[in-house]
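Student: To convert a position in the sequence shown, counted from 1, into my numbering, add 6.
Heads up, a few of these hints could be off.
Claimed, not checked - Simulated pairs of lysine-lysine, BS3-like, Cα-Cα distance not exceeding 27 Å:
1) K163 x K103
2) K50 x K23
3) K189 x K179
4) K205 x K163
5) K176 x K56
6) K182 x K56
7) K159 x K94
8) K56 x K40
9) K19 x K54
10) K19 x K40
11) K122 x K210
12) K54 x K8
13) K56 x K179
14) K94 x K189
15) K50 x K179
16) K205 x K103
17) K210 x K150
18) K189 x K158
Think of the hints as simulated: they come from the structure by calculation, not from any bench.
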Amino acid sequence: MKYVEVYEEIKNKIIRKEYSSWSSLEGEEILCHKYGVSRPTLRKAISKLKNEGYVHSRQGSGIFVNPPEFYEQSKLTTLSEKQDEGYKIENRVFFCKEIEGDEKLCNAFNVDKKEKFIYFKRLRIISGEPRILEYTYMPCYLFKDFNEEVLKKSVFKYMEEHYNVSHDIKTIKAIKSNEEVSKILEIDLDSAILEIEHKVYLTKSILAQYTREISTDNSITIASVR
Numbered sequence: 007m008k009y010v011e012v013y014e015e016i017k018n019k020i021i022r023k024e025y026s027s028w029s030s031l032e033g034e035e036i037l038c039h040k041y042g043v044s045r046p047t048l049r050k051a052i053s054k055l056k057n058e059g060y061v062h063s064r065q066g067s068g069i070f071v072n073p074p075e076f077y078e079q080s081k082l083t084t085l086s087e088k089q090d091e092g093y094k095i096e097n098r099v100f101f102c103k104e105i106e107g108d109e110k111l112c113n114a115f116n117v118d119k120k121e122k123f124i125y126f127k128r129l130r131i132i133s134g135e136p137r138i139l140e141y142t143y144m145p146c147y148l149f150k151d152f153n154e155e156v157l158k159k160s161v162f163k164y165m166e167e168h169y170n171v172s173h174d175i176k177t178i179k180a181i182k183s184n185e186e187v188s189k190i191l192e193i194d195l196d197s198a199i200l201e202i203e204h205k206v207y208l209t210k211s212i213l214a215q216y217t218r219e220i221s222t223d224n225s226i227t228i229a230s231v232r
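Using the sequences and the accompanying hints, generate a full structural model.
Tutor: What follows is the structure, encoded as structure tokens:
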């Protein structure tokens with residue numbers, strides 16, 4: 007059996023709810039025996055399931071099934087669409103400051119060590135309810151005219167209007183809310199939420215922005231609407 011067949015088998019079981027949301031898959035040994043495949047083949051199938059939002063891993067605990075809204079992308083709407091539907095979008099800026107990049111950050115942006123970055127933390131409020139918490143890094147050398155006024159509106163639209171934006175790569179996974187996030191988003195501790203990592207690129211594959219977004223609204227995707 008090829009890894010794609012294993013992927014399809016498990017995916018269909020998730021869709022048919024033979025695995026309930028947040029339940030764990032069987033261990034590697036059991037699944038390998040069940041499907042008659044090697045560990046590398048199984049891991050390749052699991053990796054594909056992760057990439058498409060069907061499952062997520064917890065270190066030391068195994069592989070867990072995501073709720074349907076995490077993988078049914080057709081149900082996702084953008085913040086722009088929310089606004090068009092009459093939802094009021096507000097932004098609350100906790101801070102916006104200039105920091106010196108550490109080795110990991112500089113390597114990610116492919117810049118010299120100790121390069122300066124714009125770093126901000128922002129809350130998106132939808133019709134009076136706190137829904138999305140953002141942590142964003144942008145290299146100062148690219149955004150010399152950037153200021154806090156930009157954060158009151160869409161940062162992505164600002165980038166599109168002033169720079170040659172090529173594409174936005176996003177990764178979505180399921181997480182549980184920690185104490186800080188729970189307090190800001192006004193949800194219970196360990197609530198099921200989405201973590202969306204964005205990498206916005208300019209032409210010539212220049213990474214211009216990295217954002218980690220935490221959302222309580224499983225109907226929203228944030229690509230190209232910041």
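Student: Take the hints in turn and mark each one as holding or not.
Tutor: Hints and how they fare:
1. K163 x K103: holds (20 Å)
2. K50 x K23: The hint holds at about 22 Å.
3. K189 x K179: holds (21 Å)
4. K205 x K163: Since the Cα atoms of K205 and K163 sit roughly 15 Å apart, the hinted pair holds (cutoff 27 Å).
5. K176 x K56: holds (13 Å)
6. K182 x K56: Holds, at about 16 Å.
7. K159 x K94: holds (12 Å)
8. K56 x K40: Holds, because 20 Å separates the two Cα atoms, which is no more than 27 Å.
9. K19 x K54: holds (15 Å)
10. K19 x K40: Given that 27 Å is the threshold and the Cα spacing comes to 14 Å, the pair holds.
11. K122 x K210: OK: K122 and K210 at ~21 Å, within 27 Å.
12. K54 x K8: Distance of about 13 Å is within 27 Å: holds.
13. K56 x K179: holds (8 Å)
14. K94 x K189: Within the cut-off at roughly 22 Å; holds.
15. K50 x K179: holds (18 Å)
16. K205 x K103: Distance of about 20 Å is within 27 Å: holds.
17. K210 x K150: holds (20 Å)
18. K189 x K158: holds (22 Å)
In this structure, none of the earlier numbered hints is contradicted; all agree with it.
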